[in-house]
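Visitor: Chains as they are written, first to last, in the working numbering: chain X, 1 to 201; chain V, 1 to 201.
Keep in mind the hints are simulated off the structure, nothing from the lab. Mixed in with the good hints there might be a few duds.
In the BS3-like style, the derived pairs of lysine-lysine whose C-alpha atoms are separated by at most 30 Å in a straight line are [what the hints assert, rightly or not]:
#, chain 1, residue 1, chain 2, residue 2
1, X, LYS195, V, LYS52
2, X, LYS152, V, LYS88
3, V, LYS149, X, LYS98
4, V, LYS149, X, LYS136
5, X, LYS152, V, LYS195
6, V, LYS149, X, LYS195
7, X, LYS54, X, LYS25
8, V, LYS136, X, LYS195
9, X, LYS52, V, LYS25
10, X, LYS88, V, LYS195
11, X, LYS195, V, LYS152
12, X, LYS54, V, LYS195
13, V, LYS54, X, LYS54
14, X, LYS145, V, LYS195
15, V, LYS52, X, LYS152
16, V, LYS25, X, LYS25
17, V, LYS52, X, LYS25
18, V, LYS152, X, LYS88
19, V, LYS54, X, LYS195
20, X, LYS195, V, LYS147
21, V, LYS152, X, LYS149
22, X, LYS88, X, LYS52
23, X, LYS147, V, LYS136
24, V, LYS54, X, LYS25
25, X, LYS149, V, LYS195
26, V, LYS195, X, LYS195
27, V, LYS98, X, LYS136
28, X, LYS149, X, LYS195
2 protein chains.
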Amino acid sequence: MNRKFVRGAETRLRIIRVATDLFHKQGARATSPDEIIEASRTGKGQFYHYFKSKEGLIHEVLQAYLEEIKTQTSRVNYEIASWRDLEKWFAAQVELQKDYEMTRGCPFGTLGNEVTENDELIRQDLSLIFEVIRSKLAAFFLREKAKGKLAKQANAERMADFCIAAIQGGMLMGKIKRSSYTVEASTQEALAHLKSYLIRA
Amino acid sequence: MNRKFVRGAETRLRIIRVATDLFHKQGARATSPDEIIEASRTGKGQFYHYFKSKEGLIHEVLQAYLEEIKTQTSRVNYEIASWRDLEKWFAAQVELQKDYEMTRGCPFGTLGNEVTENDELIRQDLSLIFEVIRSKLAAFFLREKAKGKLAKQANAERMADFCIAAIQGGMLMGKIKRSSYTVEASTQEALAHLKSYLIRA
DNA sequence: GCACATCTGGACTTTCTGGTACAATGCTGC
DNA sequence: GCAGCATTGTACCAGAAAGTCCAGATGTGC
């Protein structure tokens, strides 16, 4: 029953993986189906057999990212249980960027910035991804607060939003400047701010 | 001598203005010369008479932005002389975004995220713009520090980078979520952090 | 008032883009 | 071993994107 679809599923996955990489590298708008087809060594037939359109493929790429986050198979660990984890969360994203010699930004940010008023579906996919990440960060801050470790004026939701904005802005600047200096400085300042809510024991 | 070129200069400016708006709205990649030509009510002849290519136009649009920043004719005031100015600097950018119902991000960020390894010229233009903004912010923090108002560990350069990353990340999230909540929360947290360097009198 | 440069409009060309149509080739269960 | 779906390859197509070319209008200096 399942074996029946194995070969097709592999092709499908190969297309998704190639598309994921190209979208990250140059954005979705600058990537044509033909480019994905060639790089994945498939044909037009497969492409439109497995995906109803280019937009459909983008949607599925984002679904795959979401799945990775939820199942904790992403290279970045989004399960924050300690301040050390939070530091690693920031650092892991910068490391990823460094692996590409600072020529790429955040995959979500890259796609997010291309969104226009005609890409409502994609915008919502991205919105959901960020919502999931945000809630994981907020949960950590909430737990810390419940443990009495954070000052009264610390607002977990806002702290989570602040984390995301800092890393997104930092990575964008890193890509534009082709340098990790800004993003490293920004994330360190951001961390310092977050830790300032810690109650000194 | 100058009058001779008046009419042409007006056409040229009209093209730049229309392009600036379209690039802000949907990015440069999604904007075709034809669209700009139609919206500016000109013709192909003019377009390629005044700009050597689409890339050339993007370059000139960025030059115009840079000029605005340098001559202080931009809607956002980049001359920071007080903490109040800094607050306004953050707020003005959010206001701009709200004017477009949160459907657009920062014009520089939008273009910056589209940049690939083949857009080296544009990347450098953006890099320069951010460098100018950064130096204006850093100058303010440096002056504050010279006045003895900032703690010893305050680093003006890093604080400037942090400002830019926070607003860029916030605006990107604002565009993706179509909500000003995140960007407002982020900028307020960022401001709180910056002010934490102030020495309590 | 004419030589000469600037300025303008649009037809045309080439290549890319996103997609369809369709035929051929596998599997798989029975 | 064959019916019937899954899978694959390729040819084709309409429209968009980016740019070239050129004919002509317009203005100006002298």
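Visitor: Provide an ascending list of the numbers of those earlier hints which the structure does not satisfy.
Guide: Failing hints, ascending: 1, 3, 4, 12, 15, 19, 22 and 23.
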